[in-house]
Amino acid sequence: MIPTLFRIDERNDEFEGTFTLRLCAPTGNRPAAFSPGQFNMLYAFGTGEVPISMSGSLDDDDAYVHTIRCQGLATRTIERLNKGDVIGVRGPFGRGWPLDTIAGKEVLIIAGGLGLAPLRPVIYQLLNGHHGARRVRLFYGARRPRELLYYREFERWADAIDITVTVDHADHVDRAWKGRVGVITEPLEAARISSAGTIAFLCGPEVMMRFCIHTLLKKGLPESAIYLSMERNMKCATGLCGHCQWGPNFVCKDGPVFCYGSVRSWFNLRAL
Amino acid sequence: MQKFLLQADDLDVLIQVIAREGHRLIGPTLRDGAIVYDDIHSVSDLPRDWTDDQEKGRYRLRKRGDGAYFGYAAGPHSWKQFLQLPRRPVWRAERDANGVQIIAIEEMAPRLAFMGVRSCELHAIAIQDRVFLEGPFRNDDYDKRRQPLLLIAVNCTAPAATCFCTSMNTGPEVTLPADLTMTEVMDGDAHYFLIDAGTGRGEHILKQLPLTPAQARQQALAQKSIQHAAEQMEQGPRSFDSSDVKDLLYRNYESPEWELVADRCLSCANCTMACPTCFCSTVEDTTDLTGENAERWERWDSCFTADFSYITGGAVRADTRSRYRQWMTHKLATWHDQFDSSGCVGCGRCIAWCPVGIDLTEELLRIREMENQ
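Protein sequence lines correspond, in order, to chains A and B. Residue 12 in my numbering is what sits at position 12 of the first sequence, and the numbering runs on without skipping anything. For any residue, its number in my numbering is found by taking its place in the second sequence, counting from 1, and adding 1000.
Bear in mind the hints are in silico, worked out from the structure with no lab data behind them. Even for Gly, the Cβ is constructed at its ideal location relative to N, Cα and C. One thing to keep in mind: the hints can contain errors.
Using 25 Å as the maximum straight-line C-alpha spacing, the simulated SDA-like pairs for lysine to any residue come out as follows [to be verified]:
hint	chain 1	residue 1	chain 2	residue 2
1	A	Lys218	A	Glu153
2	B	Lys1207	B	Ala1220
3	B	Lys1246	A	Arg264
4	A	Lys253	B	Lys1246
5	A	Lys253	B	Gly1099
6	A	Lys253	B	Lys1207
7	B	Lys1246	A	Leu272
8	B	Lys1144	A	Met1
9	B	Lys1246	A	Asn268
10	B	Lys1144	A	Thr238
11	B	Lys1246	A	Leu269
12	B	Lys1246	A	Ser262
13	A	Lys219	A	Gly113
14	A	Lys253	B	Ala1097
15	B	Lys1246	A	Gly261
16	A	Lys218	A	Arg264
17	A	Lys83	B	Ala1220
18	A	Lys253	B	Arg1088
19	A	Lys253	B	Ala1126
20	A	Lys83	B	Gly1099
21	A	Lys253	B	Lys1144
22	A	Lys83	B	Gln1208
23	A	Lys105	A	Ile163
24	A	Lys253	B	Arg1095
25	B	Lys1246	A	Ala271
26	A	Lys253	B	Glu1284
27	A	Lys83	B	Val1316
28	A	Lys253	B	Asp1307
29	B	Lys1246	A	Lys83
30	A	Lys83	B	Arg1095
31	B	Lys1246	A	Lys218
32	A	Lys253	B	Glu1094
33	B	Lys1003	B	Pro1213
34	A	Lys253	B	Val1316
Derived contacts from chain B toward chain A, CB cut-off under 10 Å, selection only [as the list claims (entries may be wrong)]:
hint	residue
35	Trp1091
36	Ile1311
37	Ala1318
38	His1336
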């Protein structure tokens, strides 16, 4: 499967080392539709491919939007690209968030760091009143105030979503920060969450998800109402290269979004 | 199925017929002190009268003294190298004034024929078929090599000490479909093959051979030598009951055994390269010196390398303990959930070709013992 060439239509720097690209399909073609939680493989000329979640709105169906953090050779090469440059795209791949199950429920969106990116398409859907959620709350933790992703959008989101934000550290550079400092489990612990009719979507570092799930279970949320997005090394994204195996699961085709109830025994094993 | 007799002196006729039918014939041949799979042009390429002694971390050839053509067990090669190439180009990309172009590299697949495929190896090919052809995405390169493949199976009558196909229910008798199935029989001064066709293509080849009908006595002799091979393995130290292995390993992700095996395992990946079912691959992206021409290559990969599980922040499986555990539990346990069978066919290659002599059947036994302690 070879990549299709997309053109970078828009580029926004989120903060140091993290940026968002809007990619348009070649000459007016509409890219294949995606579900929130799915990902694309992005190919940087000559350096490699990386799996990156969809982070744009389903309504923006002329393009794919991806938020990327500079980590390795491929993402550093992508970072050097500008508006008008081309990039290879394969996808969309994987299974996304179970949006068809949230009608009448309260949705808890729990994200850490860049983990907000694969959840932003969900937030956009909910802001537009799709899927009939009863209430939406966002719990978001970032390392520092200057690393809060999509922070400029929060004001608009706050009309429809209760947002709780916390940062791990706020040093002298962030003197203006008047918000919460600490881990996200603290406000989650303090929140009143009804064990029935609530569904939780989590994405972030594994350790953060581990503690949040622990908190949710303590509050009586059933395992079947907790969904999480997993990250593993991926080369093919089609279940053939073997890299993303996680117990019996292939994260690329069985995930990246899993129901905690079905993967609990794997999630609790280290170095799997 | 009606069985026929092909005299050993006429084996070359079969080889020539297969070539005439337009196949590139691959089979066992002698190279660098091992029986490996390579091109076969005539009967003289076969490892006649050679067999192998195998043990943990050991593989040695010796003469049999009876002139058998297929009197050996699994060697360092498996057939997977011809179906899932160890290295292959996937695409090339060019950058010029008009932009970037990505072009798939489609290589012509030869019409292969494999001669001397053992029952365990037919199972291994069937396992890779399920991995590459039956998922939501197909491996097209594998598919185009696999489709025209002609399979000439030979029943195993010479298992090595490392073999345990009877424990994995994959041999020694050929039970999966093959185009032709043969059994080599040394019958006093007579030396012949029992042969039968399993497909129309096989029938078509049979018709071109100098055959005689097989008599009951000859069929019984062939059956006896297969039976003897089965008994040899069943009575050997590597025989075990595999029926509960999946559950055993699912219960023992935290067994102290993983630390013990990690003390010896070099994480060298030999077992995964020699294994006929290990299918993992990676890709390499490169450019030429101008930076205007890029290529993507696919190559075999192994879950024993540090890169294999690398994500932001480091390798998920940072130590040998977690890598050996991944390999063995994948092969014997999670494979069942992924592809409805074990990933192990009991060929013993991982035992013979482990440089420090780690024996999968022993490690399994130790997990069981430690669980019961």
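Structure-based check of each hint:
1. For the proposed pair A:Lys218 and A:Glu153, the alpha carbon gap of about 32 Å is over 25 Å, so the pair is violated.
2. Only pairs whose Cα atoms come within 25 Å are accepted, and B:Lys1207 paired with B:Ala1220 is accepted, the gap being roughly 24 Å.
3. Taking the CA atoms of B:Lys1246 and A:Arg264, the gap is about 18 Å. The hint holds against a cut of 25 Å.
4. This hinted pair checks out: A:Lys253 and B:Lys1246 have alpha carbons roughly 22 Å apart, not beyond 25 Å.
5. Taking the CA atoms of A:Lys253 and B:Gly1099, the gap is near 32 Å; set against the 25 Å cutoff, the hint is violated.
6. Annotation: proposed proximity of A:Lys253 to B:Lys1207 is violated, straight-line Cα distance about 47 Å (limit 25 Å).
7. Simply put, B:Lys1246 and A:Leu272 have alpha-carbon atoms about 16 Å apart, close enough for the 25 Å limit, and the pair holds.
8. Taking the CA atoms of B:Lys1144 and A:Met1, the gap is near 15 Å; set against the 25 Å cutoff, the hint holds.
9. Annotation: proposed proximity of B:Lys1246 to A:Asn268 holds, straight-line Cα distance about 19 Å (limit 25 Å).
10. Of the pairs offered as hints, the one joining B:Lys1144 and A:Thr238 holds, with about 18 Å between alpha carbons and a cut-off of 25 Å not exceeded.
11. Taking the CA atoms of B:Lys1246 and A:Leu269, the gap is about 17 Å. The hint holds against a cut of 25 Å.
12. Under the criterion of a C-alpha separation no larger than 25 Å, the hint pairing B:Lys1246 with A:Ser262 is consistent with the structure, at around 18 Å.
13. Of the supplied pair hints, the one linking A:Lys219 and A:Gly113 holds, its CA atoms being roughly 24 Å apart against a limit of 25 Å.
14. Simply put, A:Lys253 and B:Ala1097 have alpha-carbon atoms about 37 Å apart, too far for the 25 Å limit, and the pair is violated.
15. With a CA separation close to 21 Å, the supplied pair B:Lys1246 and A:Gly261 stays within the 25 Å bound.
16. For the suggested pair A:Lys218 and A:Arg264, the alpha carbons sit about 15 Å apart, so the restraint of at most 25 Å is met.
17. For a cut-off of 25 Å, the pair hint linking A:Lys83 to B:Ala1220 is broken: about 76 Å separates their Cα positions.
18. Only pairs whose Cα atoms come within 25 Å are accepted, and A:Lys253 paired with B:Arg1088 is accepted, the gap being roughly 24 Å.
19. This hinted pair checks out: A:Lys253 and B:Ala1126 have alpha carbons roughly 22 Å apart, not beyond 25 Å.
20. Distance hint between A:Lys83 and B:Gly1099 is fulfilled; the C-alpha atoms sit about 14 Å from each other, no more than 25 Å.
21. A C-alpha spacing of about 23 Å is found between A:Lys253 and B:Lys1144, which places the hinted pair at or below 25 Å, so the restraint holds.
22. Only pairs whose Cα atoms come within 25 Å are accepted, and A:Lys83 paired with B:Gln1208 is rejected, the gap being roughly 66 Å.
23. A hinted pair counts as satisfied when its Cα atoms are at most 25 Å apart, and A:Lys105 with A:Ile163 qualifies at roughly 17 Å.
24. A threshold of 25 Å between alpha carbons decides the hint, and for A:Lys253 with B:Arg1095 the separation of about 32 Å lies outside it, so the pair is violated.
25. This hinted pair checks out: B:Lys1246 and A:Ala271 have alpha carbons roughly 20 Å apart, not beyond 25 Å.
26. A C-alpha spacing of about 22 Å is found between A:Lys253 and B:Glu1284, which places the hinted pair at or below 25 Å, so the restraint holds.
27. A threshold of 25 Å between alpha carbons decides the hint, and for A:Lys83 with B:Val1316 the separation of about 35 Å lies outside it, so the pair is violated.
28. Restraint check: the Cα-Cα separation between A:Lys253 and B:Asp1307 comes to about 21 Å, which is no more than 25 Å; the hinted pair holds.
29. Taking the CA atoms of B:Lys1246 and A:Lys83, the gap is about 52 Å. The hint is violated against a cut of 25 Å.
30. Restraint check for A:Lys83 and B:Arg1095: the C-alpha separation of about 17 Å stays at or below 25 Å, so the hint holds.
31. Our distance criterion of 25 Å between C-alpha atoms is broken by B:Lys1246 and A:Lys218, whose separation comes to about 32 Å.
32. As the CA atoms of A:Lys253 and B:Glu1094 are separated by approximately 30 Å, the hinted pair breaks the 25 Å bound.
33. A threshold of 25 Å between alpha carbons decides the hint, and for B:Lys1003 with B:Pro1213 the separation of about 7 Å falls inside it, so the pair holds.
34. Note on A:Lys253 and B:Val1316: the hinted pairing holds, with a Cα-Cα distance of about 19 Å set against a maximum of 25 Å.
35. Residue-level restraint check for B:Trp1091 holds (minimum Cβ-Cβ distance to chain A is 5 Å; threshold 10 Å).
36. Satisfaction of the interface hint for B:Ile1311 is found here, the shortest Cβ-Cβ separation to chain A being roughly 5 Å, below the 10 Å cut-off.
37. For B:Ala1318, the suggested interface contact is upheld, since its CB lies about 7 Å from the closest CB of chain A, less than 10 Å.
38. Because the beta carbon of B:His1336 sits about 8 Å from the nearest beta carbon in chain A, less than 10 Å, this interface hint is met.
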